[in-house]
Amino acid sequence: MSFMLRCPNCGDRHVAEFSFRGEYLQRPQQEDEFASWADYVYMKENVQGKHFEWWYHGSGCQRWFLAERDTTDNTTQTTFWFDDRPRLINRESEPDA
Amino acid sequence: MPDKRLSSHAYISLSECDQAIAFTFNSKVIKARSDDTIASALHAAGIGILSRSFKYHRPRGLYDGYGLGADLLLAVDGTPNVRGDKTRVEDGMDVRSQNAWPSPDFDAMAVNNTLVPLLPNGFYYKMFHRPKWLWPIAEKFIRKAAGIGAIDTTGETVDTRYEKRYRFPDICVIGGGPAGLASCLAACQEGKHVLLVEEDPQLGGHSVHTATKVANCQDDRLNGLSEQDAAGAIWDELKTYKNLEILTSTVVFALYEDNLIAAQSKHDLYKIRAGAVILAPGATDRHLVFENNDIPGIMTGRGVERLITMHGVKPGTRAVVIGNHDGVYHTAMLLQGAGVEVLVVADSRSDAATTEAARIVNENGTPIQPLSTIHAAKGRKSVNGAVIGDIAGKVEHASYRCDLIVIAAGFKPQLSLLSMGRVQPGWDEERQVFRVEKLPDGLYSTGDVHGTASFAQLYKEGKAVGLAAAQGAEQPQSVRSKEDIIVALPADIPAKGKHHFICKCMDVTRAEACASIAEGFDRVETLKRYTSMGMGPCQGKMCYEAVARLAAEDTGLSTSVAVPTTVRPPYIPVSFGVLAGRSQHLIPIRRTAMHDMHQQAGATFLNAGQWKRPHSYGDVQREARSMREGLGIIDVSTLGKLGISGPDAIDFLQFMLPGKFRKLATGKIRYSAMIGEDGILFEDGTLAHVKEGYYYMSTTTGNQDAIRSLFWWWIVTTDFDVKIDNLGPIFAAVNISGKNSRKLLEKLVDIDMSTEGFPYMSTRNATINGVPVMLFRIGFTGELSYEIHFPSEYGEAMWTHIMAEGAEYSIKPFGIETQRILRLEKGHLLPGIDTDALTNPYEAGVGFTIKDNKDDFIGKAFLKNFKDRGIENKLIPYKLSAGDAIPSDGVAILKAGKITGRVTSSRMSPILGYGIGLAWVNVDQSTPGTKIAIRLAGGGDVIGEVLDHAAYDPEGVLLKS
Amino acid sequence: MILQNYISDDQATFVKASPLAQVYRDHSASCTTIAGWNMASHYNDPKKELSHLKEGSLIVDWSHIGKISLRGETATVDIAKIAPDAAELAILQSCSTETQAILRLTTDEFLILCMPGEEAELMAKLSDTGAICHGGGMACLVLAGKNRDAVLERSTAMNIRRDLVPPGAVLQTTVHTIRCTLYRTPDCDILLHSREYSVSLFEAFMDVGIGVGLLPSGLDVVPVKLAGGR
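Chains as they are written, first to last, in the working numbering: chain A, 1 to 97; chain B, 1 to 961; chain C, 1 to 230.
Take the hints with a grain of salt, since some may be wrong.
Only part of the chain C face toward chain A is listed, based on derived beta-carbon distances under 10 angstroms [as the list claims (entries may be wrong)]:
#1 I91
#2 L92
#3 A157
#4 L171
#5 T174
#6 R179
Pairs of lysine-lysine, DSS-like flavour, derived with a Cα cap of 30 angstroms [what the hints assert, rightly or not]:
#7 B/K31 - B/K266
#8 B/K239 - C/K146
#9 B/K438 - A/K50
#10 B/K860 - A/K44
#11 C/K146 - B/K164
#12 B/K496 - B/K394
#13 C/K81 - B/K691
#14 B/K266 - C/K146
#15 B/K164 - C/K54
#16 B/K266 - B/K239
#17 B/K860 - B/K691
#18 B/K271 - C/K146
#19 C/K125 - B/K723
#20 B/K242 - C/K54
#21 B/K743 - B/K496
#22 B/K723 - C/K81
#23 B/K271 - C/K54
#24 B/K164 - C/K48
#25 C/K54 - B/K239
#26 A/K44 - B/K864
#27 C/K54 - B/K266
#28 B/K739 - B/K691
#29 B/K242 - C/K81
#30 C/K125 - C/K81
#31 B/K854 - A/K44
#32 B/K747 - B/K691
#33 B/K867 - A/K44
#34 A/K50 - B/K271
#35 B/K660 - B/K867
#36 C/K125 - B/K691
#37 C/K48 - C/K225
#38 B/K242 - B/K271
In case anyone wonders, no lab produced these hints; they're calculated from the structure. All C-beta atoms in this analysis are idealised placements derived from N, C-alpha and C, irrespective of residue type, glycine included.
When you get a sec, could you build the whole thing from the sequences and use the hints?
Dropping the structure here:
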């Protein structure tokens, strides 16, 4: 992997400056069934195509942000702060921040 | 030795150059010119066989002189697989042939050549499949026979200095031929930072070895100049641009995502990240397949042109020239001018060429044979004849006795880098070449990669592409006139014979390829893998076109749907040294503020992640005993230290950690496990309430960076109003342990050190010699002990001070290994050593840190699930009997011959006099007093007894004293 | 709180050691005491080192300068207590004087650099803001000299071309795989990093720099100057 990722704070950087924390998922509520917790922890969508995921700019500003990346070619359309997600992630399940 | 150096040439002026330098080839001294490549110097010296082929050890000599094939991989000054035809000779260079023993001229392994029928394609897979016992024997032989080149293990080359360098041009132009130079010029004129990378020492591409003059060029200055001079004129103009950097003798060997380019310049690796890339790698002579097409003495048109014009070397004495385009007469003319007798020009076209060169060749008396091409080369170690016939391979016209066969069968675009741009090339029927028309955004291409063209046309196209790249515009369409197009010959001239080599690197013939197709490997990618065509050192640079065309043809497809196999980096053989660079770049070392103090005290160090920690200061067993009997000190600066504050600090901690901390009063400390959302124990540490609302958390050495980022992640994704301070580097820390530690602390600080005034699991502020410090009374070692945290700039001074003050109690430093014994005596687990990614905290015995009757916290759902499931295995402390052997970490625990558990930590306890440890066992073996059989690594068992408490000071009397 | 206590306490008689103390000893550097810190003033040939600025490059330890972090939602308000205009700084830009520089790292994080010994005064102004004084926790290596780009091009995979990262600019990236905050001034590239990496960073610089004329030097030759602006 050699693609560039745009840190919302630091700008375009080599992907090696970041660490990856998997798909962006909605954490269940404690009263939810255990199965939804098991899904949250172990079941990943692993889509072929665009999805939202977590990145941490460990070599730079050390901030967490979200990226929409196409897993087939590593192109990232957008990267943004968690607080900006209501504007940028259009999912039915997405509750208000 | 025949002298093949030219003193003059009839049609061109040769560059003057003395034969001033000398190098050795297989210990033989060879004289050379400073502008020689290794290959040209050897050719001049009359050395025809330079290496042997991979499988059949057939002789290999100079072919294209352009570094594409594997024919000229040589060991140079101990570095294997250096391309002899792309490497300039240097005085005193030690050059050796490879893959040939004892010499390339007489190669013992050439026996493989006569074994052709025994070594069919896929012989690795087929031959040794059954019987199974044969493989280990066969493997030894094959391993020795396989592989190309040998690494110098004598150490004589280890002082080679490899470096990594970085470049960030707006535009990187790869290839300094006419089109590349023109695109450079356009980009420079737009004010861009441009980097031009050229593989050769000089710029100009193929123009440096033609006698052709520029005509009809849009830049009128260049018209009438020789192509070489025109290239020189552009070069001169480029030199005036300060925003241009030129790297010559530098090979781009990889192109990755987002325009990351890797280039090798001798021992340096350039990593280039470009805004836009212009690929102008040009085209090279087509690889023509015919009977015996691999014998030394067969060379390409441009190969002989280079020898003559650039190195002043006569390629042979009697030549047969094969071609299908006007350029073949230019080649023939240069040969004649160099005094080579050209016996015939076999031109596959019906109409004779009308160029000036064709006229000269004809006037010089060389017959031109239309509608014909080569059927076979003759000779064993070198060419001694050629058979010419019709293009269909059916009718032979004539045979010639010759020592040189020149193949000028048109040009194939050098597509390797374009393919690395993740686009598959396709056959362009009109232009008769494989081509990549459109690359992804940010990548441009120009020049002969779109089909050869005149200098003027290449210049025009290069300028347009350079401008487009500078402006971020679309790649302009390339245009080729009808006269530029060279109709391709059949990829294989189907005359008789079994030695039609498609792939010269791996010795794969057309017949073998067909046999493999018949076996079912009828897709080009599977065919490649099965036959290993294109998988040799040249990586298909030479043969990709022939492989693709013949694979299509032999599987019944038309050329229009033929596809070359996937090209991957590297483009040339790259040494590991170049890839690795300087070792200091790889992993940094983290040192504590007291590192040098440990070094001076004779510590041996251990890597704990990137940290260097003292393993011990000599005798581990003595260190451990000395601490228990008196006073010890250990550097614990590597602990992670987080300051947690803010209005929601306590709520955040209640959420992050499994325990309850609301009642943790200021000045108090509590141990806590850390649990993931999956309920797994992954870390532990202590939490101290150091000041109202400010918590100080310590984490283990290896995890500190990960824990810090994890905490930050949770702050981002939750609504807690919390601040996390990374205090790890700010504070150095030591732990002072042993029954005399209070006495020492009383000397150092002026606060109440009594156990009533400063009880176990509490923290105090104090000063030592005016330096404010935090004291933590905790007890990982099981003795009365205190951690002192203090500003790290005082590390050396504080250590020295404590050692001096502690001298009267015989204070001794101890290392990690001692600490591991001490904690094991106390039965404390170490996350990551005694636990793994499946560790249930209840089973690990840290259930006491979990208070699940609180609101949402990390891992709550899974912990409940674990609790409901009950205990299946347990981490238990055990002891051995005195005199028992000490098992190694990780050995199995058995019950009735079945594995029921494993030892995670095992040590000899010097204070107890017997072995102790921690082990995972099945719950039915976990009752205190149970005897467990521990299998020693070398065989045999020792019997351990499960304990329900620490082996040392089970009541914790010392700890709390 | 202890972090604020210790910097305002000048009763300590212990010498403050740079993370490179070991390097000073190994090279027998000439040292001097500045604000309680034992720092290298030169590496035994100050004349040569000074002339080297014009041709080659020098690596100098400025770990004794004051380094204060201000982070959090109120950082832009709090920074005004020191420099009213700093709140307006664009991200990865700085404002500075010869003796103080304020680097804006993110929307809510500033790094304040000051002359050694002056951090107590600043921390007093920033009391109750949660500011952290890094003291010996953050080290500072400085590259100076005309030819320092030859060292940098071998040291970082980050694009720090001078036309893109001019004096006064700030960025955070890895240098020799070590995370650094780079602050560029007209004469120097200032690299702030976590103290435990300092020796390793120094060694890596010297390793790549040895072929391109990098010498270690000290504060006599390259004194602390924090002004980044044009």
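Evaluated hints:
Because the beta carbon of C/I91 sits about 6 angstroms from the nearest beta carbon in chain A, less than 10 angstroms, this interface hint is met. A least Cβ separation of about 7 angstroms between C/L92 and chain A falls short of the 10 angstroms threshold, and the interface hint therefore holds. For the restraint placing C/A157 at the interface with chain A, the shortest Cβ-Cβ distance is roughly 6 angstroms, inside the 10 angstroms limit, so the hint holds. The interface hint given for C/L171 holds, since its Cβ lies 7 angstroms from the closest Cβ of chain A, which is under the 10 angstroms cut-off.
Hint status for C/T174 relative to chain A: holds, with the closest Cβ pair at about 5 angstroms, below 10 angstroms. Look at C/R179: its Cβ gets to within about 5 angstroms of chain A, closer than 10 angstroms, so that hint holds up. Proposed proximity of B/K31 and B/K266 is supported: the alpha carbons are some 22 angstroms apart, at most 30 angstroms. Taking the CA atoms of B/K239 and C/K146, the gap is about 22 angstroms. The hint holds against a cut of 30 angstroms.
Restraint check for B/K438 and A/K50: the C-alpha separation of about 24 angstroms stays at or below 30 angstroms, so the hint holds. Annotation: proposed proximity of B/K860 to A/K44 holds, straight-line Cα distance about 20 angstroms (limit 30 angstroms). Restraint check: the Cα-Cα separation between C/K146 and B/K164 comes to about 21 angstroms, which is no more than 30 angstroms; the hinted pair holds. Pair hint B/K496 plus B/K394 holds up; C-alpha atoms about 8 angstroms apart against a cutoff of 30 angstroms.
Proposed proximity of C/K81 and B/K691 is supported: the alpha carbons are some 25 angstroms apart, at most 30 angstroms. The hinted pair formed by B/K266 and C/K146 meets the criterion: a straight-line CA distance of about 26 angstroms does not exceed 30 angstroms. The straight-line distance between the Cα atoms of B/K164 and C/K54 is roughly 25 angstroms, inside the 30 angstroms bound, and the hint therefore holds. This hinted pair checks out: B/K266 and B/K239 have alpha carbons roughly 23 angstroms apart, not beyond 30 angstroms.
For a cut-off of 30 angstroms, the pair hint linking B/K860 to B/K691 stands: about 29 angstroms separates their Cα positions. Taking the CA atoms of B/K271 and C/K146, the gap is near 23 angstroms; set against the 30 angstroms cutoff, the hint holds. Restraint check for C/K125 and B/K723: the C-alpha separation of about 20 angstroms stays at or below 30 angstroms, so the hint holds. Restraint check for B/K242 and C/K54: the C-alpha separation of about 21 angstroms stays at or below 30 angstroms, so the hint holds.
The suggested pairing of B/K743 with B/K496 is violated, with an alpha-carbon distance near 99 angstroms, which exceeds 30 angstroms. In summary, the hint linking B/K723 to C/K81 is supported, as the alpha carbons are separated by about 20 angstroms, within the 30 angstroms threshold. Using a Cα cut-off of 30 angstroms, the hinted pair B/K271 and C/K54 holds, with the two alpha carbons roughly 28 angstroms apart. For the hint linking B/K164 to C/K48, the alpha-carbon distance of about 28 angstroms falls within 30 angstroms, and the restraint holds.
For a cut-off of 30 angstroms, the pair hint linking C/K54 to B/K239 stands: about 25 angstroms separates their Cα positions. Taking the CA atoms of A/K44 and B/K864, the gap is about 22 angstroms. The hint holds against a cut of 30 angstroms. At roughly 29 angstroms between alpha-carbon atoms, C/K54 and B/K266 fall within 30 angstroms of each other, so this suggested pair holds. Taken as a hint, the B/K739 and B/K691 pair is honoured in the structure, with Cα atoms around 28 angstroms apart against an allowance of 30 angstroms.
With a CA separation close to 45 angstroms, the supplied pair B/K242 and C/K81 exceeds the 30 angstroms bound. A C-alpha spacing of about 7 angstroms is found between C/K125 and C/K81, which places the hinted pair at or below 30 angstroms, so the restraint holds. Distance hint between B/K854 and A/K44 is fulfilled; the C-alpha atoms sit about 29 angstroms from each other, no more than 30 angstroms. Proposed proximity of B/K747 and B/K691 is supported: the alpha carbons are some 25 angstroms apart, at most 30 angstroms.
A hinted pair counts as satisfied when its Cα atoms are at most 30 angstroms apart, and B/K867 with A/K44 qualifies at roughly 25 angstroms. With a C-alpha separation of about 29 angstroms, the suggested pair A/K50 and B/K271 falls inside the 30 angstroms cut-off, and the hint holds. Our distance criterion of 30 angstroms between C-alpha atoms is met by B/K660 and B/K867, whose separation comes to about 18 angstroms. Of the supplied pair hints, the one linking C/K125 and B/K691 holds, its CA atoms being roughly 21 angstroms apart against a limit of 30 angstroms.
Proximity of C/K48 to C/K225 is assessed by CA-CA distance (about 21 angstroms); at most 30 angstroms being required, the pair is judged to hold. For the hint pairing B/K242 with B/K271, the CA-to-CA distance comes to about 21 angstroms; that is within 30 angstroms, so the pair holds.
In the structure shown, a violation is registered for the earlier hints numbered 21, 29, in ascending order.
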